[in-house]
Amino acid sequence: MAELRAIKTPAEQALTAAYETARGKLPGAAALRAGAFKQFERQGLPNRRVEEWKYTDLRALMREAYPLAAPPDAAAKARAKDAGRLLAGVDCRRLVFVDGVFVPELSDLVEESGLTIGSLAAQLSASDPQLAADLGKTIETDDVAIALNSALMGDGAVIHVAAGTALKRPIQLVFASSGGSASSAFVRSLVEIENNAKVTLIETHEGGADQINAVLELKAGDDASVDYIKTTQTQGLHIGSLLAEIGANAVFNSFAFNAEARIVRNQMFVHFAGEGTKAGIRGVTLARGKDHVDTTLFIDHAVGHCESREQFRSVLDDESRGVFQGKIVVRAHAQKTDAKMMTRALLLSEDAEADNKPELEIFADDVVCGHGATTSAPSEELKFYLRSRGIPEPEAEALLVQAFVGEAIEEIGHEGIRQALMIAALKWLGARS
Amino acid sequence: MALLEVKNLHVEVEGKKILNGLNLTVEKGQVAAIMGPNGSGKSTLAYVLAGKDSYVVTEGEVKLDGENILKMAPDERAAKGLFLAFQYPVEVPGVATMTFLRTALNAQRKARGQSELSTPEFIKRVRETAGHLGIDQEMLRRAVNVGFSGGEKKRNEILQMAVLAPRLSVLDETDSGLDIDALKIVADGVNRLRSPDRSMIVITHYQRLLNYIVPDVVHVMAKGRVVKTGGKELALELEAKGYAQFQEEEAA
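Note that the protein sequences, when read in sequence, are chains A and B.
When you number the first sequence by the working numbering, it's gap-free, plus one each residue, and the end is 740.
When you number the second sequence by the working numbering, it's gap-free, plus one each residue, and the end is 327.
Same shape as in the complex, but just chain B:
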């Protein structure tokens, strides 16, 4: 069954059309890679799914588990189980990572009508995950992402993802700016979360990440649409031939 269904999605940003009738289905438990050249609309798709204000949907629908989420606020979408790992995670001065995680988790649980997680349970969950990701306790006490290296910020995104345990995670170029060791740690963190009822969209420009997070399906985006869908071998083909073929096809 499809967890995410995007139909004929048209999106404008500051009056400029970025997505032009995009169709995409992500099955439950599926890891879908989205690849494509710069400017093809990959990050726009990520932001639209998360509900960023300045992204205007002019046509189409997005259903999460059968429910239209386009009218929902970003926090409502999060409570429904949607998570965006940002390409450029922002620094939040003055808010300790632990406080941030607890506030977010409890807000989501409240929205879902669940009780708050007890403090020992919460701390156990965070510490365990942080351990896997090589995030030390000191980092958890510090303000969110403040003074973190690029790699630390990306690991912090995966930590949040693991603690919030979303049904659909969208990873927007999580590999950008990572060296090979950091990439392995991040990929390992993502792989731990794979399960039959959790889906992921892995947006990337390069095939490299997909060696570590092996996708079930690969979609190619160009000019605001999905133009080709295939198995994981499609990523290798793209690596060899580049994206030029799709851009030309579009132009033709």
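Looking at chain A on its own, in the form it has when it is part of the complex:
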């Protein structure tokens, strides 16, 4: 009777039942799972009273929790065969997961020196000691979505890139849905990039009406150069968490692209572990209908002399909602930190909503930090200028929106990815009428 707890929602009850049923069958990491599940039992699904989840109340958004997806059969695999088409034109090494399960026969496993690829399920089942030591250790947080993932994780990629290796092609993790029954999947990937290695990593989610909880733990060593692109499409619910630890003198550029995304929570925890590192954390969201896309950042400048740029743009149409929460912490000894955060939302409808919550917590005294946020409709003044040159109104507005999105996409270093995302954005804009 010591603790007062809210009554469990049907979704919470279903998650508890799913864990009780599955725990005997889930691969390895029993102690980690049990601890994480206890945490979920204690905290429940995050709701609006939890500050970090204020705008994305999972108790309200998750009316029910779907059962864990069954392993994909041949038909399910066949349906997911051409997944990853958003970036189809980019020459990548594709690793395909269907309904949360690694499918080697759809994946490109050609050997490359310095690169090791494995499946989380296989390595957990084999009680791989290295994996057991690493899992959940990249960044420790008490976030419930991550705890749920730790309790219920099924499969994912385990990738190691040896020191000094420059991968020839980007690696694309494709998480596809077979589009079968309403189900859920908890995927967990670990990517370790050693010192001075150069990697482009793409995480692509093409969900159906399912519920996906995806966690990626990413460790980049000193002098590493990492480009990380995440694209998310879903007709259901997607909760994604990046846990990234970046070493010294490294370059880390991330870009999150959300379009055709029904309910998305993308949270990124980035921890600077060594001085002299530069990070660009960027993204674009295109939302319409009743889409709800939440980007939440926890950027931890734990050491000094690092630079970070957080730049996010969203285009919100109809009754969609875009949420941005950006927290940057500069620790007391992290002198000479240079952090600038900027978010901009373009509202295309009276009923669209942008929620913006930048937070800077600065404990060092010799830093350059700033943030800005704008929310507006396309400028009437700009539209008039374009129209006075003969461009009809719909085209003028489309051109302005395209420019708004294009400016952000321009920041992506990889030309093929940049072009593919621009095409995807144009396609999204083209569907407006």
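In short, the hints are calculated from the structure, not lab data.
Wrong hints could be hidden among the right ones.
[Claimed, not checked] Derived lysine-lysine pairs resembling DSS-like cross-links, with alpha carbons at most 30 Å apart:
1) K734/A / K185/B
2) K690/A / K228/B
3) K690/A / K307/B
4) K91/B / K690/A
What you are looking at is a predicted structure, and each value in this text was computed from that prediction instead of being measured.
With the hints as your guide, set chain B onto chain A.
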């Protein structure tokens, strides 16, 4: 024959009357200067001609080549051959000048039932004009007016005017904020466009610009009307005596 006929034009902006029965005729091939004190309604006239939303016409008509344009959208007016060189050109982030020009030109041609200009033809036209105006290729690749100096923005307006080749150009205080060298370049660009079937309205506060763009006729505006019309010597007279006489006449 008159290219532009403005009759008894009354215009309100946010409930305030700015134009009070303005009459103005611009002949084909004519360069007409419009001068007048601050607040006389010169810029309002420019915006009303271009079709800006917040400018409400309560009475009167505006005919371009015999056709009433007041019901037309700004882009339709542009396709009919009307061009406004803005006093304060806006910055358009993310839209490269080349893309902007091509989109505008092709939209106008489409509206007129013409085919699109081929890419080599288009590029040739832009480069040639840009060369005359001292606009380098780098500027053409950059977003429209973003990071441009005041003089560069004005030159960019003239570049757009030259590429779009309008029948009637309205230059709203194109001289403001220009030093003498920039003024000469801009005036030279405008003069190149003078032709028997192209008309221009040059709105200016000062006579200085008219040394370089010599008008065929000078109209003086005060309190929302044209109060005097004369030859180019009228500009010099205004420079010497100021606008006070017209404001007093109005008051009397």
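Structure-based check of each hint:
1. Between K734/A and K185/B the alpha-carbon distance is near 23 Å, which keeps this suggested pair within the 30 Å criterion.
2. Taking the CA atoms of K690/A and K228/B, the gap is about 18 Å. The hint holds against a cut of 30 Å.
3. For the given pair, K690/A sits about 36 Å from K307/B by alpha-carbon distance, which is inconsistent with the 30 Å threshold.
4. Distance hint between K91/B and K690/A is fulfilled; the C-alpha atoms sit about 24 Å from each other, no more than 30 Å.
Hint compliance for this structure: hint 3 is the single one not met.
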